[in-house]
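Model the placement of chains B, C and D on the given structure of chain A, informed by the hints.
Number of protein chains: 4
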Amino acid sequence: MFTAGNRLKLTIFGSSHGPYIGGILDGLPAGVNIDMDYINKWLDRRRPGINSITTQRKESDRIEFISGLKEFYTDGSPLGFIFRNEDYINKHYDYIRDNPRPGHADITMYYKYGEYRNYEGGGFFSGRMTLPLVAAGSIAMHILKNINISIVSYIKSAGGFNIQNENISDEDYSYSFRTRMPDPDLDDKLYNKILEIIKDGDSLGGIIKTIAYNIPPGIGEPFFDSVEGTIAHLMFSIPGLKGIEFGAGFKLGSMSGSQANDTFYYDGDKIKTRTNNSGGILGGITNGMPLEFSVVMKPTSSIRKKQETVNLKTHQPSEIQVIGRHDPFITLRAVPVVQALTGFAILDLIMSDSSQKKWDIFNRGDGN
Amino acid sequence: MFTAGNRLKLTIFGSSHGPYIGGILDGLPAGVNIDMDYINKWLDRRRPGINSITTQRKESDRIEFISGLKEFYTDGSPLGFIFRNEDYINKHYDYIRDNPRPGHADITMYYKYGEYRNYEGGGFFSGRMTLPLVAAGSIAMHILKNINISIVSYIKSAGGFNIQNENISDEDYSYSFRTRMPDPDLDDKLYNKILEIIKDGDSLGGIIKTIAYNIPPGIGEPFFDSVEGTIAHLMFSIPGLKGIEFGAGFKLGSMSGSQANDTFYYDGDKIKTRTNNSGGILGGITNGMPLEFSVVMKPTSSIRKKQETVNLKTHQPSEIQVIGRHDPFITLRAVPVVQALTGFAILDLIMSDSSQKKWDIFNRGDGN
Amino acid sequence: MFTAGNRLKLTIFGSSHGPYIGGILDGLPAGVNIDMDYINKWLDRRRPGINSITTQRKESDRIEFISGLKEFYTDGSPLGFIFRNEDYINKHYDYIRDNPRPGHADITMYYKYGEYRNYEGGGFFSGRMTLPLVAAGSIAMHILKNINISIVSYIKSAGGFNIQNENISDEDYSYSFRTRMPDPDLDDKLYNKILEIIKDGDSLGGIIKTIAYNIPPGIGEPFFDSVEGTIAHLMFSIPGLKGIEFGAGFKLGSMSGSQANDTFYYDGDKIKTRTNNSGGILGGITNGMPLEFSVVMKPTSSIRKKQETVNLKTHQPSEIQVIGRHDPFITLRAVPVVQALTGFAILDLIMSDSSQKKWDIFNRGDGN
Amino acid sequence: MFTAGNRLKLTIFGSSHGPYIGGILDGLPAGVNIDMDYINKWLDRRRPGINSITTQRKESDRIEFISGLKEFYTDGSPLGFIFRNEDYINKHYDYIRDNPRPGHADITMYYKYGEYRNYEGGGFFSGRMTLPLVAAGSIAMHILKNINISIVSYIKSAGGFNIQNENISDEDYSYSFRTRMPDPDLDDKLYNKILEIIKDGDSLGGIIKTIAYNIPPGIGEPFFDSVEGTIAHLMFSIPGLKGIEFGAGFKLGSMSGSQANDTFYYDGDKIKTRTNNSGGILGGITNGMPLEFSVVMKPTSSIRKKQETVNLKTHQPSEIQVIGRHDPFITLRAVPVVQALTGFAILDLIMSDSSQKKWDIFNRGDGN
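Residue numbers (this note's numbering), protein chains in the order written: chain A, 1 to 368; chain B, 1 to 368; chain C, 1 to 368; chain D, 1 to 368.
Hints listed in this document are in silico derivations from the structure and should not be mistaken for laboratory results. Careful, some of the hints might be misleading.
[Claimed, not checked] In silico lysine to aspartate or glutamate, EDC-like type, Cα no more than 20 Å apart, as pairs:
id, chain 1, residue 1, chain 2, residue 2
1, A, K272, B, D269
2, B, K199, B, D188
3, D, K199, D, D188
4, A, K357, D, D353
5, C, K41, C, E171
6, A, K358, B, D94
7, A, K358, D, D360
8, D, K313, C, D269
9, C, K145, C, E171
10, D, K313, C, D267
11, A, K357, D, D360
12, A, K9, D, D202
13, D, K357, A, D360
14, B, K189, B, D202
15, D, K41, D, D170
16, D, K251, D, D267
17, D, K145, D, D353
18, B, K70, D, D98
19, B, K145, B, D185
20, A, K251, B, E115
21, B, K358, C, D353
22, D, K270, C, E308
23, A, K313, B, D269
[To be verified] Short, incomplete list of chain B residues facing chain D, as computed with Cβ under 10 Å:
id, residue
24, I12
25, V32
26, M36
27, D37
28, I63
29, G68
30, T74
31, K112
32, Y113
33, F124
34, T263
35, Y265
[As the list claims (entries may be wrong)] Here are a few chain D residues that face chain A, going by a calculated C-beta distance under 7 Å:
id, residue
36, N33
37, P290
38, S355
39, K358
Each residue gets a CB set at the ideal place from its N, CA and C atoms; glycine is no exception.
Bound-form chain A, shown alone:
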């Protein structure tokens, strides 16, 4: 089903080459202020054609609210919003119907939907489906500011370059770098690497790091609705995302307990840990330290290089070169998607807290 969330529910609909893509966000109480500029800032950060190393597809990606708003305040009914698809060309896709592109969902939609598959532009498997994720997520991020939660995402590793300094606390900072790798020197190097890759007709993968600050301790549920399980479930909806690790992640596999355990101390009245190998989560529940995780994005599947494939009609070997306007480094545009979706996850976890505590998270001045 196309719905996620527990007390805050997001349903998405539409497809790459249909008339619209949109979302329905249900669960917000009445009286929540919706800041259009803030939403648009995040939509712009995933918009195609941002700079010379992203796809040149032209989409304005303006959000249009179709329900749930009265003069920029929620009315307690579902927020509905749509985006008009503007710049799509269906004729590119005749060939790929029968010659599935390696790395894409062409082959699996053939298995699942048969002759009724919506294959143009990847149909509803397209990266454009992340538009409503960013919209809903940025609404959540804006609400989380009421209790001082902030979320940072940036590219930590790509093209053989790895960032060292991870002390970033400004949610906007990484967007001042063309590649979203927030280091002047590495940004230049990665930028040039991507230009090379474009020339080669190839693409690159990457790793995105996310840190969320000031989440109250005690958020998340034991077992199935843990912070990790909730975030992972949502993150894997992002096309091309193939792994997630929290805190020290896969390094924990070669560590000992005395290295891995984060020991406690009091910093004033607050309990902190000397290290944060757990990524701010113990037993699936936040411990008050920054929430940290990384996700890996596979390289964009669409490449101009010739690749082996099969012809689904003739059952013969075939070849394909994916032409059209594609991102050589889709990880760059996934950064705001991961960041916003983290906001959605955290707001839903707070709203769904089984301890039924109350924060002034909706800033309605009444403790609710």
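Just chains B, C and D now, with coordinates in the frame of chain A:
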């Protein structure tokens, strides 16, 4: 909430030092044969005290069905089952109530549940809560055999040792090795390493690899209920699991598209891919290749070494040495949990398939 | 939340005086033919301004699909559809903000949403919100025809008139009567009664009977997801609906078991019952006899007669006369809503059947 | 599925002639006091063998908690509880396997579960399955007392007798009458009528009225999760319940708007209505007046009188006389089930309130 699954729902209950741990498995049709020997085989594989490198807590871990069965066939109502806790000692836990153990959920249950927290033996955050996961998962694995799906899990990396040969297709094979690392030489080395670690009063983490064979192509849903999202959501319910990657996983972050894309060819009538970097999943949906993923388990948090902590009553620095009977290498006992839970995930995905195809998965001879 | 259904999910959004009302229908497989004429026939039957005894608000109520369709076949992603609100006037509603109309949700939205309440035209409590119910329901009714299920609804009682002959099996029949009371004589009498009521500035309630034919036996689940519970849950979403009874309903309260029990006999190979006091449902599950139930609609709350109310600002007694264009007998327009919603309920029950049987309900020629 | 509720979830399991019947109640925060005496009082009120006009099956119906409790306080994990079936005799049921009892689910479980049906004593369609409903409901009723909500249920109509005075506000009052019809004269008359019915080998139906006081205004959601829809959905899980009406209910079908509308006035600071035809609910949401509804129970299906049936093996006409220990007037024992289940519904509605207001409902002294 303590429930997972879509059309096949598992609810778990109980705690480490309460009278029982149990589960309710709802959604199976009537007439499914329940094989007690098969379930017990899997329960035995996660049982404490298997050998000298696991905890010496004594639990028979016999499953008792309390509902849903008529003479070893399901009756269409929820399967209820319980395990009696036998060998628990509450007095160990007086100290940890006020001096949280690093790496454990002691501190987060303090935040979430306050004075009503169930802290003895980790309460309902205990690894014993994986018992109903193994029970439900082994029931699912048994059903999946009706359409020839088999699932293999083993330890791929731990203590600095990494297994190379990954061509394992027998679900029982890894259990012929004391460490579940299915290589005679590495098994010895890891075994000795663990003996050392026990002497040091420390613990080890590890990485578990899982491969599922013969899943029909077309299983899994686009976006939120993808194969990856569904499996990840469930896996993070396993205490101590901190990361998951599908196919080539985090390596994809430094690969190019031409390296990462799995190209297609016909093997007879079947479409296969030359490589399997996607782990058998494209667009969140199975493509007919083996489903492959790895998870990382952090080192057991309970160690005898002295660690820094805080006293929650005095607000002063404190120290703790975790005594009692603990697994130095809990990853070993997590292997059957991961394996069985994969079975649960796959059966639920098949039962929930939105294309509403029918397989003879329940083997009732009527195509249902 | 604004979502109903189990495997077939409907989310509705919008409000009476916002730009749109719409719905998202998720769960249909790919390849289901969507018949626009059929949907429009049902939408027309609940449209305002049908005849002189309905409201004169002018709405074309044309459905616009915004997602999920490829050339009139579903693509397996959510069907999104919207209706543009055309003929709304906000100025009527200044007075009622502070002087709640008796019988309406004005007062309860004041309690629940406070100053952010969407009160114009009843906001999202408006009867216009039944538009997406009819749309989704008519899609379901069309699918149910593939296995010969048909559903009939008509007015059984209103204005002191009660229909006797209940042998109606044509889903269109009641719409050949102006009042939806399918008896030429009673139709005339009720019609004249309504004209009187209009003159008086008053309104009428009524009872709607529904019969569904050819539902396979075995549909519905024990306990919470019974046929009765599922249908009742959905029906009470219809504004103004205050009661539901199945089979002999409230008459069962004064019957004896020997009168009430429906005894069995074989009619050829088919087991039938001599009477149908159970309304075709035993233990929450269909028994192969026609499914029968009645619902009661309260009289339209909006009346021109002067009524006592309170002023929410001054906390003083107040009066109100509800002017504007209102249905004197809203039950008439509720008939297709009840009928279509029954279709939605039955299709969802069939799709969610725990016995996992398969019917050729989607008519895709492959037994699925 | 065997689960109901939104933020407060109840899963039931077991069957009449299996070893146990039980429930899992998930969603309560930690620190809620569980009052065993209070629960047992309600269990006793539905227990068989209460007096000479109920079945003589002997069941102690003692609740045993198997999880979620620490010294009578919830620990935040699911409350699990079981009841041991003590007095069941399987041999009675050989005949009914092939000769379905009119009015029972014997025939529908044959359709749904085929040869694997659990038919002894009605299996999981038995009225014994209401035991966990009473347990969970009485826990909810006890919690609701923290904000002064009280719930009353009694028999309003049965055997041709109808109660007039409805001013009952004491939740225990109706249990001082043998028939639960709270009028000394009618209680006698109905009691004698039931004795006659027993002699005849027949049974009676009845109507149960419920009133809930002091529910805060603003509870319940628009559309699908309305107060009416939520309560109706739960009530239809009670075996034999065939109709529900709120406020004036089916009488609204023959009323005019000026009669039906409940007009408003201020009683001090509180807005009240002159009448309560809406049953305390407008737009699906509570308006602060008492919540009122009635349900009808069909006569007990098991009667000693000879009835026509069919033989499922021979496909021939057959006859049946239901011997064994049956309630002639099951409505009597349904009273506490309806009452407790109302408590469950109201608590879930309050916990799920989309406006996210907070009441001190769990009485933990911190506004939560």
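Evaluated hints:
Our distance criterion of 20 Å between C-alpha atoms is broken by A:K272 and B:D269, whose separation comes to about 59 Å. Distance hint between B:K199 and B:D188 is fulfilled; the C-alpha atoms sit about 17 Å from each other, no more than 20 Å. Pair hint D:K199 plus D:D188 holds up; C-alpha atoms about 17 Å apart against a cutoff of 20 Å. Taking the CA atoms of A:K357 and D:D353, the gap is about 14 Å. The hint holds against a cut of 20 Å.
With a CA separation close to 12 Å, the supplied pair C:K41 and C:E171 stays within the 20 Å bound. Simply put, A:K358 and B:D94 have alpha-carbon atoms about 30 Å apart, too far for the 20 Å limit, and the pair is violated. As the CA atoms of A:K358 and D:D360 are separated by approximately 11 Å, the hinted pair is consistent with the 20 Å bound. Using a Cα cut-off of 20 Å, the hinted pair D:K313 and C:D269 holds, with the two alpha carbons roughly 12 Å apart.
Distance restraint check for C:K145 and C:E171: the Cα-Cα separation of roughly 11 Å lies within the 20 Å cut-off, and the hinted pair is therefore satisfied. Annotation: proposed proximity of D:K313 to C:D267 holds, straight-line Cα distance about 15 Å (limit 20 Å). Pair hint A:K357 plus D:D360 holds up; C-alpha atoms about 11 Å apart against a cutoff of 20 Å. This hinted pair does not check out: A:K9 and D:D202 have alpha carbons roughly 51 Å apart, beyond 20 Å.
Between D:K357 and A:D360 the CA atoms are separated by roughly 11 Å; this keeps the pair inside 20 Å, and the hint holds. Note on B:K189 and B:D202: the hinted pairing holds, with a Cα-Cα distance of about 17 Å set against a maximum of 20 Å. Only pairs whose Cα atoms come within 20 Å are accepted, and D:K41 paired with D:D170 is accepted, the gap being roughly 15 Å. With a C-alpha separation of about 27 Å, the suggested pairing of D:K251 with D:D267 is violated against the 20 Å cut-off.
In summary, the hint linking D:K145 to D:D353 is supported, as the alpha carbons are separated by about 18 Å, within the 20 Å threshold. Note on B:K70 and D:D98: the hinted pairing holds, with a Cα-Cα distance of about 18 Å set against a maximum of 20 Å. Annotation: proposed proximity of B:K145 to B:D185 is violated, straight-line Cα distance about 31 Å (limit 20 Å). Taking the CA atoms of A:K251 and B:E115, the gap is near 35 Å; set against the 20 Å cutoff, the hint is violated.
With a CA separation close to 13 Å, the supplied pair B:K358 and C:D353 stays within the 20 Å bound. Between the alpha carbons of D:K270 and C:E308 the distance comes to roughly 15 Å, so the proposed pair stays at or under 20 Å and holds. Distance check on the hinted pair: A:K313 and B:D269 sit about 12 Å apart at the alpha-carbon level, within 20 Å; holds. Interface restraint check: B:I12 against chain D, minimum CB-CB distance 8 Å, threshold 10 Å, status holds.
A hinted interface residue such as B:V32 counts as satisfied when its beta carbon comes closer than 10 Å to some beta carbon of chain D; here the least separation is about 9 Å, so the hint holds. Taking 10 Å as the C-beta contact cut-off toward chain D, the hint placing B:M36 at the interface is violated, the least distance being around 16 Å. The closest approach between the C-beta of B:D37 and any C-beta of chain D is roughly 21 Å, which is over the 10 Å cut-off, so the hint fails. Among the interface hints, the one on B:I63 is violated; its C-beta lies about 14 Å from the nearest C-beta in chain D, farther than the 10 Å criterion.
The criterion of a C-beta within 10 Å of any C-beta in chain D is met by B:G68, whose closest approach is roughly 7 Å, and the hint holds. Interface restraint check for B:T74: the shortest CB-CB distance to chain D comes to about 7 Å, inside 10 Å, so the restraint holds. Interface restraint check: B:K112 against chain D, minimum CB-CB distance 7 Å, threshold 10 Å, status holds. This hint holds: B:Y113 has a C-beta 4 Å from the nearest C-beta of chain D, less than the 10 Å allowed.
Against a cut-off of 10 Å between C-beta atoms, the interface hint on B:F124 holds, since the closest Cβ of chain D lies about 4 Å away. Interface hint at B:T263: violated, since its Cβ lies 43 Å from the closest Cβ of chain D, which is beyond the 10 Å cut-off. Because the smallest distance between the Cβ of B:Y265 and any Cβ of chain D comes to about 43 Å, over 10 Å, the interface hint for this residue is violated. Look at D:N33: its Cβ only gets to about 15 Å from chain A, farther than 7 Å, so that hint breaks.
Because the smallest distance between the Cβ of D:P290 and any Cβ of chain A comes to about 25 Å, over 7 Å, the interface hint for this residue is violated. Taken as an interface hint, D:S355 checks out: its beta carbon lies about 5 Å from the nearest beta carbon of chain A, inside 7 Å. Proximity of D:K358 to chain A holds as hinted, the smallest CB-CB distance being about 5 Å (cut-off 7 Å).
The structure does not agree with the numbered hints 1, 6, 12, 16, 19, 20, 26, 27, 28, 34, 35, 36 and 37 stated previously, though it agrees with the rest.
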